[in-house]
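Participant: Sequence:
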Amino acid sequence: MKYLVSNKFKKPGWLLFVTGITLGIIHSINDYESNLLITKTVSLFHYETIFPNENGIFRIIENSIIDELITIIIIVGGLLISFSKEKIEDEFISKVRLDSLVWAILVNYVILLFTTIFIYDIRYFHAIIYNMFTPLIIFILRFNYVVYKKSNHEE
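For the sequence shown, counting from 1, position 45 maps to 45 in our numbering; every step adds exactly one.
Among the hints, erroneous ones may be present.
What the hints assert, rightly or not - In the SDA-like style, the derived pairs of lysine to any residue whose C-alpha atoms are separated by at most 25 Å in a straight line are:
(1) Lys11 with Glu68
(2) Lys10 with Asp121
(3) Lys11 with Trp103
(4) Lys85 with Ile65
(5) Lys8 with Ile93
(6) Lys150 with Val96
(7) Lys85 with Leu4
(8) Lys150 with Pro135
(9) Lys149 with Val107
(10) Lys11 with Ile137
Stated by the list, open to error - Per label pair, the in silico range of CB-to-CB distance:
(11) Val107 with Ser28: 17 to 27 Å
(12) Leu15 with Asn131: 22 to 32 Å
(13) Leu37 with Phe58: 34 to 44 Å
(14) Ile25 with Ile111: 17 to 27 Å
(15) Ile38 with Phe92: 44 to 54 Å
(16) Val42 with Val147: 33 to 43 Å
(17) Asn131 with Thr39: 38 to 48 Å
(18) Ile128 with Ile65: 16 to 26 Å
(19) Leu37 with His126: 14 to 24 Å
Hints are computed from structural coordinates only; laboratory data are not their basis. Where is the CB? At the ideal position from N, CA and C, for every residue including glycine.
With the sequences and hints as input, model every part of the structure.
Facilitator: What follows is the structure, given as structure tokens:
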């Protein structure tokens, strides 16, 4: 369990994760349009194709970085939740952690296959954006559900 961080990171992880999901929902309701936090940023492959013209592959552009910040908040929060030790870290928790990870990956790719077959155009792009959070969300939900269910059976 060398890759797990202290249990004290779980609460900040939940705070970041819930805040990020909430902000993400609000941002998607507003059609991903925002004039907040417009700043100059480095853009990689800012062209129509990944093969740049004579200007090179890097470009400085003005962009609202709110969607990038929301994404970072969700990912960091989800990783802190997922990789924080439990108060009692035993073999059962290790097995549930592994099983939940397998579940998350399998369900993620089933969803990805479904969206690839049945969803097209810009809606497919939106589905892919949501799909990048699916493994974390499924892992967190399943892991916590199984741990909660076991703790209730012991009482």
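Participant: So, for every hint listed, does it hold in this structure?
Facilitator: Now for the hints, and whether the structure bears them out:
no. : hint                          : verdict
1   : Lys11 with Glu68              : holds, 22 Å
2   : Lys10 with Asp121             : violated, 38 Å
3   : Lys11 with Trp103             : holds, 24 Å
4   : Lys85 with Ile65              : violated, 32 Å
5   : Lys8 with Ile93               : holds, 17 Å
6   : Lys150 with Val96             : holds, 10 Å
7   : Lys85 with Leu4               : holds, 6 Å
8   : Lys150 with Pro135            : holds, 22 Å
9   : Lys149 with Val107            : holds, 21 Å
10  : Lys11 with Ile137             : holds, 16 Å
11  : Val107 with Ser28: 17 to 27 Å : holds, 21 Å
12  : Leu15 with Asn131: 22 to 32 Å : holds, 24 Å
13  : Leu37 with Phe58: 34 to 44 Å  : violated, 21 Å
14  : Ile25 with Ile111: 17 to 27 Å : holds, 18 Å
15  : Ile38 with Phe92: 44 to 54 Å  : holds, 49 Å
16  : Val42 with Val147: 33 to 43 Å : holds, 42 Å
17  : Asn131 with Thr39: 38 to 48 Å : violated, 27 Å
18  : Ile128 with Ile65: 16 to 26 Å : holds, 20 Å
19  : Leu37 with His126: 14 to 24 Å : holds, 21 Å
Violated hints, listed in ascending order, are 2, 4, 13, 17; each of the other numbered hints is respected by the structure.
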